[in-house]
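Enquirer: These are the residues of each chain, in order.
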Amino acid sequence: MHAQNGPPVAQPESRRSRRRSRRTFAAVASATAAALLVAACGATGGSGSGATDTAGQAYDANLTYWFWGESDIPGITKWMQGMATDYTKLHPKVHINLVPQSTSTLIGAFQTAAQSHSGPDVDTQWATLPTLTPYWDKQATPISDYVPSSETSQWLNTNENTTGGKVVAMPLYLIGVPLVWNKQLFREAGLNPNDPPTTWSQLLADCAALKAHGITPLGMGNKDGYFGAWMFAIFAKQELASLSNLESAIGNTGQFTQSQLDTVLTNLYTAEQELVQKGYINSDVSSLDLTQGWQLFPQKRAAMSLTTDGNAMSWAKTLGEDNIGVEAPPTWGNGALASTYDVTQSSDEFITAWSKNQAAAADFLAWLHQPANMSSLYQQTGAFPADKRFPVSSITDSMAKELYQLDTSKTSVWLENYLPPQVDNDADIPAGQMILSGSGSVSKAVALWNQVLKEWRTEQPGQFQQYKAWAANGS
Amino acid sequence: MAPEMPGGGSTVAARPPGLIRAARAKGWPYLFLLPAVVAIAGIFVYPLIEVVRYSFYAGSVGSLSYVGTANYVSLWQDPVFVQSLMDNLKLLATVPIMTVLALVIALIINSQIRGWRQYRSIVFLPYILPATAMGLTFGYLLERNGVLNTFLRDIGLGALAPDWLGSGSIVVATIGMVIVWQQLGFGIVVFAAALLGVPTELIEAAKMDGAGWWQVQRLILIPHIRRVIEFFVILEAITMLSAVFTYVYVLTQGGPGNASSVVEYYIFQNGFENGAIGVASAAAVVLLVLASVLIFFYLRLRLRSEGGAK
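For the record, the sequence lines run as chains A and B.
Here the first sequence stands for residues 1 to 475, where the numbers follow the working numbering.
Here the second sequence stands for residues 1 to 310, where the numbers follow the working numbering.
Think of the hints as simulated: they come from the structure by calculation, not from any bench.
The model shown is predicted, which means the values in this text are computed figures rather than measured ones.
Be a bit skeptical, because a hint or two may be false.
[Claimed, not checked] Listed next, the in silico EDC-like pairs over lysine to aspartate or glutamate satisfying Cα-Cα at most 20 Å (straight line):
id: 1; chain 1: A; residue 1: Lys-93; chain 2: A; residue 2: Glu-70
id: 2; chain 1: A; residue 1: Lys-444; chain 2: B; residue 2: Asp-78
id: 3; chain 1: A; residue 1: Lys-300; chain 2: A; residue 2: Asp-322
id: 4; chain 1: A; residue 1: Lys-166; chain 2: A; residue 2: Asp-145
id: 5; chain 1: A; residue 1: Lys-454; chain 2: B; residue 2: Asp-154
id: 6; chain 1: A; residue 1: Lys-211; chain 2: A; residue 2: Asp-145
Work out the full structure: start from the sequences and follow the hints.
Expert: See below:
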């Protein structure tokens, strides 16, 4: 019907029809938007809360990142700086100030920052107890509070930093600790260059043959105490049936007693003392840091060494891949853990409890684990990323393949990770120094462990109780 | 009620204006001192009170629990603390060595041998070197197969080439040698400056009376700078007790096996590495008491010698 000289007047029925159309249109538009939103969330693998939506979120933050890794993986600091730059391109309002840390002040610097609740937004610490202890002291926020399990489940070795169902820190890379030997020096000593020592008695026999030919069998450095700590990590565990043995002794829960741990330590330090007294370790082991002692091997001044995957690959380039071999450290003990290898994430990255930019920090850390970034980590540094999505086919170098095979073929335990930092600093390290420098007896070294454990339980009652609870829950 | 004065004034004695002015004048110096007092209280007194307070607690900052004197008891039961204290006391043996060496060299320089000004600058150089550079350098020099030992072996003195920093039995002595090397310059400059203040007439008179060089040093110069020597001895003794952390940290980090740990390093290890603030604070209080004893002795010595001089 049309109004006289005007447009047709809408009939009530048409008005209703238009209202209906508008409602229908609004419903369809809303549904479409919702679907798009769900699709977008799905694409980045996140859920509503704790999403690592690097494309969508517009973070505005200045992040201070205390980063350590160069001693493990030469070149990783440069890689991380590149990552920070790339992330800022994606998030122009996020600035990341990377502050490389030194090995000797890694723990102390963080402790100082923690006491004033100021300092970095993100910190690196060594795995397990050096990371869980700050969390128990309310100095760290679990990354799993921000990053969903669909993402953290892709990370390797998160068990080393999990407590109470929370993943406290993010692993970045994995390093194995193989025994490396110089095949040419083995040949000169009349040894089969393709037959490395796989048992302790074979090791002693090979050392004797090398020494008889004027070749230093083992080249290491222990001025900073880390070689001694490695000996504990690699060999003491071989006398244990499971990790819970150590946890029980440390937590004083009774299943594995202090006396039993003393026996393990006594056997370990006696074996170390034998190596020193027979001259099977370089005579200046107590004058050289771990990294200085490592230089003896590529300089052909030592026939064997215990080192990281990265160093092994670097030495293969220096000496020629045909001239060096890598193998698991020899079997020494009789416990069930004697069959495990020695791979650890070594260090990990966590968010500090006082950071005002926790979500942004978590987003950056999770972004590092994007497959392209993990691939670039390997390509630039040779480090094996701690991520299931890393394509093994990327590894083409034969030495790297061999090392990756070692790293992934069996279960790994790095025993030192399970020591409270105070026990590691005050017992593990100095006890090893006593033995390797000849300045203390085996009994004195073991007594030091007893004293330090007693002190830790008294001086850090909160940590002690948390350790016991964590160990009781299957750690 | 106060009697009225003619003209309506009160007879209550008003304070004479001069007293008010005098009171204000007395107060002004304190007012000027106030910023310094506040700064000192903030920088020294408050932290001191907090350290003493923390020494009665266990745990990390943020989760402390009161334990009374347990930290002090556990200190004396801790072989590492006892070792650290003994190491500090061993380092006190460097004080007489430093004092005698610095005095002898200062006396020689004071004799104004040719080039004495240059020698005085050269011997002071180690004192101004940064500790990290010194630590790195000596760390390399004193390695078991480092420069020094290689040289000793080359000249047939291999028997004198121990592991200077890696052997528990001699590491403290080695650190002591490095301390003497660095601190000597300070002593020489202090003594040389004091010797310059000795009246020349005394020396001339002694020479006219037939005194030889050594007699002049022993009977005129050294007695004249006795107070400076006392001051240097006490200062270096306090240094050996409470200011050797840098040497230990850069050279050995307390190793091998705590053999070169000193009380400051023990405090650092517990307070900063382990977060055991209670034990660290208790050790700091013990160190403060020991240093205070030394300062007390020095002040007594000063008073006695000033009293004798009167």
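Enquirer: Keeping to a limit of 20 Å between CA atoms, is the pair of A/Lys-211 and A/Asp-145 held or broken?
Expert: violated, 55 Å
Enquirer: Check the hint pairing A/Lys-454 with B/Asp-154 against an upper bound of 20 Å on the C-alpha distance.
Expert: Answer violated: A/Lys-454 to B/Asp-154 is near 49 Å, above 20 Å.
Enquirer: Mind checking the alpha carbons of A/Lys-444 and B/Asp-78 for me, to see if they're no more than 20 Å apart?
Expert: The given pair, whose Cα atoms are some 13 Å apart, holds under the 20 Å limit.
Enquirer: Checking one constraint from the list: CA of A/Lys-93 to CA of A/Glu-70, max 20 Å. Satisfied?
Expert: Not OK: A/Lys-93 and A/Glu-70 at ~28 Å, beyond 20 Å, violated.
Enquirer: Is the straight-line distance between the alpha-carbon of A/Lys-300 and that of A/Asp-322 20 Å or less?
Expert: It holds: about 14 Å lies between the C-alpha atoms, which stays within 20 Å.
Enquirer: Given the proposed pairing of A/Lys-166 with A/Asp-145, does the C-alpha separation stay at or below 20 Å?
Expert: holds, 8 Å
Violation of the numbered hints given earlier is confined to hints 1, 5, 6; the remaining hints are satisfied by the structure.
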